[in-house]
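Generate coordinates for the entire structure from the input sequences, incorporating the hints supplied.
Numbering (this note's numbering), first residue to last: 1 to 350.
Hints are computed from structural coordinates only; laboratory data are not their basis.
Among the hints, erroneous ones may be present.
Unchecked claim - Straight-line distance between alpha carbons at most 30 Å, and here's what the computed DSSO-like set of lysine-lysine pairs gives:
1. K272 / K252
2. K51 / K4
3. K51 / K77
4. K274 / K60
5. K274 / K77
6. K169 / K77
7. K77 / K94
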Amino acid sequence: MNSKIPVGILGATGTVGQRFIQILEQHPWFEVAWLAASDRSAGKPYAQAAKWNLNTPLPKNIASMTVNAAVPDGAPKLIFAALDSTAAKEIEPKFAAAGCAVVSNSSSFRMQEDVPLVIPEVNSDHVALLKTQKWYKDNGGFIVTNPNCSAIGLVMALAPLHHRFELEKIFVATMQAISGAGYPGVPSLDILGNVIPYIAGEEEKMEAESRKLLGSLNGANVIPAQITLSAHCNRVAVEDGHTESVSIKLNKPAQAEEIIHAWNEFRCLPQKLKLPNAPEQPVIYDAAPDRPQPRLDRDRGNGMSAVVGRLRKCNLFDWKFTVLSHNTIRGAAGAAVLNGELLKAQGYLH
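Here's what the structure looks like:
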């Protein structure tokens, strides 16, 4: 008897949707039972509707699965959503209203007061916000979101330091992979041999979401962390892996050894619960002078660890360092699956 929880994927044919399929193929708790995408894909076998772009084979059972329209009729209780923000704003509430647990990768609802924005290692207690949603009160449906792909790597590096030394100011400059723009993404003639110093809305998302993630739960809302944060976001010619150069000012003095210890010893609820997609070590400090690098380090912890390096004194603030995270795994599909695992462990998937 199959005891796995059936799950659906909204936006199943896109870059993040394909990552969901890849991550969930051998998942011990969840099983893909339903796929949905745009009207042009609905009614087709998945192999015909999607151009598979990952370096692992398309699972045979998924290849033959018929893609549904993006409506909740016949959908399972747990939905992993990989829709663009415009579509998500219209479609995801319909699934929540139908009683589905929607784990969203979209930006549409991240900053809504009653919607949890969650990195399980950082703010698992914020999940309780979903109880204040009208959908949950009516029929048990809800929306939970994971953050922007660049905010995730940054906040994973910041959280252990904020807990111990209290962050005051942060400056971050990102070098973001082209896969973050989806497929086919940025035209090759625009990105090859080039850096694009603008990603629409990205800097604002990083600044606002980071403060919410590091904030404190206060009943029915989150009080954002009182941190000043300035972000510069750039698209670079790297396939996968967002690299970020960070400078921080702390309220409490810290030695380099204390900061590195805080990163390497950082363990939280997902590790305690042994959630299937949780990395054994969420933040890894690499002492080599030229690390982290996307090609060498993005897959550490199965793409779920943030890799930090180059910690040194900063002439403007206190300390500076580099952090790398895999933008379509920890920064998107992997983050959402981990949120789904947390929801199951906390009893929200009835």
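These are the hints, each one checked on the structure:
1. K272 / K252: 28 Å, holds
2. K51 / K4: 27 Å, holds
3. K51 / K77: The given pair, whose Cα atoms are some 27 Å apart, holds under the 30 Å limit.
4. K274 / K60: Holds, at roughly 29 Å.
5. K274 / K77: 23 Å, holds
6. K169 / K77: 41 Å, violated
7. K77 / K94: 13 Å, holds
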